[in-house]
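Trainee: With the hints as extra help, turn the sequences into a complete structure.
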Amino acid sequence: MICAFEGWNDACQAATNVVRHLIGRYDAIEVRHIRCDAYYDYQVTRPMSCMVSGRRRILWPQTTFYDIAIDAATHVFAQIAPEPNYRWVEYCHQSLRIAEEFDVDQILTLGSMFADCPHTRPLPIDESDANCRCDMDREYNGPVGIPTVLDTIACDEGFETSTLWASIPQYLGSDECAQATLQMLNHLSGRLGVELDQGDLPEKAQAWKAQASVLTHCNDELAEYVEHLEHEYDSEQNARALADLGTPQAEMLVKEAEEFLSHMDE
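Using the numbering used here, read the sequence shown as starting at 1 and increasing by one per residue.
Possibly wrong hints are sitting among the right ones.
Stated by the list, open to error - Straight-line Cα separation of at most 20 Å, SDA-like style, residue types lysine to any residue; simulated pairs:
{"no.": "1", "residue 1": "K209", "residue 2": "N219"}
{"no.": "2", "residue 1": "K209", "residue 2": "D116"}
{"no.": "3", "residue 1": "K204", "residue 2": "G173"}
{"no.": "4", "residue 1": "K209", "residue 2": "R191"}
{"no.": "5", "residue 1": "K209", "residue 2": "L172"}
{"no.": "6", "residue 1": "K209", "residue 2": "P124"}
{"no.": "7", "residue 1": "K209", "residue 2": "E227"}
{"no.": "8", "residue 1": "K209", "residue 2": "A115"}
{"no.": "9", "residue 1": "K204", "residue 2": "Q170"}
{"no.": "10", "residue 1": "K209", "residue 2": "E230"}
Unchecked claim - Okay, the calculated beta carbon distance ranges per label pair:
{"no.": "11", "residue 1": "R121", "residue 2": "R87", "range": "34 to 44 Å"}
{"no.": "12", "residue 1": "Q237", "residue 2": "Q211", "range": "40 to 50 Å"}
{"no.": "13", "residue 1": "F114", "residue 2": "S213", "range": "15 to 25 Å"}
{"no.": "14", "residue 1": "P122", "residue 2": "A72", "range": "26 to 36 Å"}
{"no.": "15", "residue 1": "W8", "residue 2": "E127", "range": "16 to 26 Å"}
{"no.": "16", "residue 1": "M51", "residue 2": "E90", "range": "27 to 37 Å"}
Derived from the structure by calculation, the hints contain no laboratory data.
Quick reminder that beta carbons are idealized off the backbone N, C-alpha and C, glycines included.
Mentor: Here it is, written out as structure tokens:
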């Protein structure tokens, strides 16, 4: 079951847009809901007013579960919702009981966050599972959101769990980031072993990059900052590549890269 939540864990809606993309590209059926009243503060997550068949309706925040048919042999379930405000432990247990109804035994949580990374390079994607924590999991200490709580509770209950997080350049603001959604979709393709329909995401990703490039070209200070991020990114990638070789030269380059990055933080 793929789980994504709007709000703090969903920079530029990159994570929830993966689920929306799958719903839009494949046969998707709503199979379950979680009632909203016990879990949301309506002054924070407000209901929406809209016209449906000529009548005004109030749409309340809620959790929706979908059965998505990728092909005749591959179905995935998806959970999408605004991040709850209350009773997270109870909410996670209720979500997992619904997963069990459909014989789900693996939970994949999606998230996206703002970070110091350049738009001119592939966006960092952190993957982890219960047996192999990603760098972000090993190094981070601080507040967490509902994806982390759901992942932890699911793991404790015996589900196979994994996480997928995209990093998005913080200097570009909060507009949608099709590049992050596309990269997460491609990683999901690898996990499922099927080629997922990209739809118009590649074109949207190119437009996102072009817009970001225009922004940096019009701001010398920002352009200099992006160049600094590119240097950091390239140095780290080169160090990792050589470190895999296990040679003295690789170890020396890793040390030099670490020293460079430490000086940049001073």
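Trainee: For this structure, which hints from the list above don't hold up?
Mentor: Hints 4 and 12 are the ones this structure does not satisfy, whereas the remaining hints hold.
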